[in-house]
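Chain order of the listed sequences is A, B and C. Counting in this note's numbering, the first sequence runs without a single skipped number right up to 507 at its last residue. Counting in this note's numbering, the second sequence runs without a single skipped number right up to 507 at its last residue. Counting in this note's numbering, the third sequence runs without a single skipped number right up to 403 at its last residue.
Hint data in this document are derived by calculation from the structure and do not stem from the laboratory. Bear in mind that the values here come from a model prediction, so they are computed numbers and not experimental data. Treat the hints with care, since some could be wrong.
[To be verified] Not everything, but these chain B residues come out facing chain C in the computed CB check (under 10 Å):
no., residue
1, P338
2, E342
3, L392
4, A397
5, G434
6, L465
[Claimed, not checked] Short derived list, chain A residues pointing at chain B, Cβ under 10 Å:
no., residue
7, A330
8, L332
9, L347
10, L356
11, V359
12, E372
[As the list claims (entries may be wrong)] Straight line, CA to CA, 25 Å or less: simulated DSS-like cross-link-like pairs of lysine-lysine:
no., chain 1, residue 1, chain 2, residue 2
13, C, K209, B, K452
14, C, K374, C, K351
15, C, K209, C, K230
16, A, K379, B, K325
17, C, K374, B, K452
18, C, K394, B, K452
19, B, K325, A, K403
20, C, K394, C, K351
21, B, K379, A, K325
22, B, K360, B, K403
Each residue gets a CB set at the ideal place from its N, CA and C atoms; glycine is no exception.
The lines below spell out each chain.
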Amino acid sequence: MMNSTQLKQLLEAALFAHPQPLTAEQLQQLVLNAGETSLAAVKATLQELQHDYQERGIELVKVASGYRFQTRADLGQRLAGLWQEKPPRYSQALLETLALIVYRQPITRGEIEQIRGVSVSSSIMKTLQERGWIKVVGVKEVPGRPQLYATTAEFLDDFNLQTLDELPAIDVPEDERTAETAINERDLND
Amino acid sequence: MMNSTQLKQLLEAALFAHPQPLTAEQLQQLVLNAGETSLAAVKATLQELQHDYQERGIELVKVASGYRFQTRADLGQRLAGLWQEKPPRYSQALLETLALIVYRQPITRGEIEQIRGVSVSSSIMKTLQERGWIKVVGVKEVPGRPQLYATTAEFLDDFNLQTLDELPAIDVPEDERTAETAINERDLND
Amino acid sequence: MAEQQSLPLGFVRGEPVVEKPEDLYIPPDALEVILETFSGPMDLLLYLIRRQKLDIVDIPVLTITRQYVEYVEMMKELKLELAADYLVMAAMLAEIKSRLLLPKAPQEDDEEADPRAELVRRLQEYEAIRRGAEYIDAQPQTGRDSWLSEIHTDAREYVTTPPPEVTLEDITLAFSRVLQTIKLQAHHQIKREQLSTRARMSQVIELLQEKSYISFSKLFTRSEGRAGAVVSFLAILELVKESMIELTQMEPMSDIHIRLKRQHDEFDPA
Numbered sequence: 318m319m320n321s322t323q324l325k326q327l328l329e330a331a332l333f334a335h336p337q338p339l340t341a342e343q344l345q346q347l348v349l350n351a352g353e354t355s356l357a358a359v360k361a362t363l364q365e366l367q368h369d370y371q372e373r374g375i376e377l378v379k380v381a382s383g384y385r386f387q388t389r390a391d392l393g394q395r396l397a398g399l400w401q402e403k404p405p406r407y408s409q410a411l412l413e414t415l416a417l418i419v420y421r422q423p424i425t426r427g428e429i430e431q432i433r434g435v436s437v438s439s440s441i442m443k444t445l446q447e448r449g450w451i452k453v454v455g456v457k458e459v460p461g462r463p464q465l466y467a468t469t470a471e472f473l474d475d476f477n478l479q480t481l482d483e484l485p486a487i488d489v490p491e492d493e494r495t496a497e498t499a500i501n502e503r504d505l506n507d
Numbered sequence: 318m319m320n321s322t323q324l325k326q327l328l329e330a331a332l333f334a335h336p337q338p339l340t341a342e343q344l345q346q347l348v349l350n351a352g353e354t355s356l357a358a359v360k361a362t363l364q365e366l367q368h369d370y371q372e373r374g375i376e377l378v379k380v381a382s383g384y385r386f387q388t389r390a391d392l393g394q395r396l397a398g399l400w401q402e403k404p405p406r407y408s409q410a411l412l413e414t415l416a417l418i419v420y421r422q423p424i425t426r427g428e429i430e431q432i433r434g435v436s437v438s439s440s441i442m443k444t445l446q447e448r449g450w451i452k453v454v455g456v457k458e459v460p461g462r463p464q465l466y467a468t469t470a471e472f473l474d475d476f477n478l479q480t481l482d483e484l485p486a487i488d489v490p491e492d493e494r495t496a497e498t499a500i501n502e503r504d505l506n507d
Numbered sequence: 134m135a136e137q138q139s140l141p142l143g144f145v146r147g148e149p150v151v152e153k154p155e156d157l158y159i160p161p162d163a164l165e166v167i168l169e170t171f172s173g174p175m176d177l178l179l180y181l182i183r184r185q186k187l188d189i190v191d192i193p194v195l196t197i198t199r200q201y202v203e204y205v206e207m208m209k210e211l212k213l214e215l216a217a218d219y220l221v222m223a224a225m226l227a228e229i230k231s232r233l234l235l236p237k238a239p240q241e242d243d244e245e246a247d248p249r250a251e252l253v254r255r256l257q258e259y260e261a262i263r264r265g266a267e268y269i270d271a272q273p274q275t276g277r278d279s280w281l282s283e284i285h286t287d288a289r290e291y292v293t294t295p296p297p298e299v300t301l302e303d304i305t306l307a308f309s310r311v312l313q314t315i316k317l318q319a320h321h322q323i324k325r326e327q328l329s330t331r332a333r334m335s336q337v338i339e340l341l342q343e344k345s346y347i348s349f350s351k352l353f354t355r356s357e358g359r360a361g362a363v364v365s366f367l368a369i370l371e372l373v374k375e376s377m378i379e380l381t382q383m384e385p386m387s388d389i390h391i392r393l394k395r396q397h398d399e400f401d402p403a
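Isolated chain A (complex conformation) (with noise of 0.2 Å):
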């Protein structure tokens, strides 16, 4: 049996040497014995650990997939420092059509070129899936049977998300919605 420091302890370090974020789930599972600890137990350690690194440079975040630890966010201009290559910048056309496959899943690559006005270049679609950003869902029953995209669980993670509703929506609001009537209370102006 384990002393509760202990448990502190060996969570901390299953967290830190582990980069991919676990649950209390695998937690429990994989570095505790059976019936050693319960999930309960695991959970309120979790929420210490929270605690206790909330003054640190690094934080104990939950994401979609788990538990992980990471630097803190506000730091990240100055620790760019330590790597030779600059973080990637995404274009604009990039960052739409994530924001399209975010906002509008699931979504075929013809709906978001209707939607942008312009053809999605095949190397922003390899960009995202080699990120892990997007995956293909399924497929669209109208002819031809274009595929249909949606956003991952690694998207959550590495957007710092535990699902998508934490997005801000943008939408206008039903009232705002005044764009027939505004129209027809206008003159041609030319």
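Fit chains B and C to the supplied structure of chain A, relying on the hints for placement.
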């Protein structure tokens, strides 16, 4: 200018995120602006960090090429659970060879090959012997004097059997029953 | 609603290009940079609208269409490689313009027939996606704003690969597969037998490796009882039948000796 809390957070995060150890000099060059902090301040902060992590699941140690975080040595065995691989699967060829040795022992490799219609690789026989499930019990006095294989006591132990007779009945569809399957109809008085 | 600051069109030799240059002469490479700055015709259209600090729903279609077409014409004049998508948008704007200039049919329903409605709807959807792209870009991102652990651990040294798991079912299934192959290829018969007989056969062979002869009676022990005796007897019969052992008896009723059959005996010159 940074205060001491910010400096500590920055060094902590840098050591956490950098795959190789970092010296005080490297830290000063890579993540601090020129003239911002003295080397003495960096070194003092590293000592503070070492102290902070003394009772935690990870520790800050100084190795030949600099400082690095590492998991506590006494946790290694437990943490190995994070990378424990799933047991591989044995091939059909191996399982069929084993089954023939179980049901037709003592048997030579040539006999197994004759029944299965394909040659039995040496690596299969080696694997089964290393696993402690089969052994050579003698040689068959035919030209070439081939070795005779049989199962071991360890085989019975590993499969929780007292005797081979406890092996479950073989389920072969009725219309495929031949003299071969009569093996199931065990009857001492036959 | 409208953006107050001008968005730079692009950068030429480090200098931001905020407005379309007024004079007609623009270095071709500069315009190329400008063109690359837009992510597509919707982006260019949105830029033209925002530049005039206008709400999307208030767009003066005729002005915007004229500006857009001028822009595209200029690019064409400079023989820049212009994506077809820009021309498609120009055609769509031209069509809206022509429909607006046509006299309205008296019974026409104004709301549905307004050719601007579809354009406004598309611009609104595109603007929403632009917002979404901004929200996503503003999110703290792994590898850009924060990094994951790269700390050292000795734990991997303790990792062992467990041996494959085999169940009894795996073995019996494998055996029935083999039986089915036999059925397909062979005619020979194998009589009924006990597995314990097979195991006893192995034991007898093993014993005979150590000693060249065993007395028949040694293979029967009282503790095994009648069933054990039957097993030993069947094992011996089977081994004789498979020519693996031979039995010798000096005289009737004397002890029978068992030894491994040596096939090469007959060729033995000695």
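We went through each hint and held it up to the structure:
1. P338: Constraint on P338 of chain B satisfied, holds at 8 Å.
2. E342: E342 of chain B check fails; min Cβ-Cβ to chain C is 20 Å, beyond 10 Å.
3. L392: OK, holds: L392 of chain B within 10 Å of chain C, min 7 Å.
4. A397: 4 Å, holds
5. G434: 6 Å, holds
6. L465: Holds, about 6 Å.
7. A330: 3 Å, holds
8. L332: 9 Å, holds
9. L347: 4 Å, holds
10. L356: Status violated, d = 16 Å.
11. V359: Violated - the Cβ of V359 of chain A stays beyond 10 Å from chain B, reaching only about 14 Å at its closest.
12. E372: 7 Å, holds
13. C:K209 - B:K452: 84 Å, violated
14. C:K374 - C:K351: 20 Å, holds
15. C:K209 - C:K230: Distance ~21 Å between K209 of chain C and K230 of chain C Cα, so the pair holds.
16. A:K379 - B:K325: 24 Å, holds
17. C:K374 - B:K452: The hint holds at about 23 Å.
18. C:K394 - B:K452: 21 Å, holds
19. B:K325 - A:K403: 24 Å, holds
20. C:K394 - C:K351: 18 Å, holds
21. B:K379 - A:K325: The hint holds at about 24 Å.
22. B:K360 - B:K403: Roughly 44 Å separates the two Cα atoms, so the pair is violated.
Comparing the model with each numbered hint stated earlier shows that hints 2, 10, 11, 13 and 22 do not hold.
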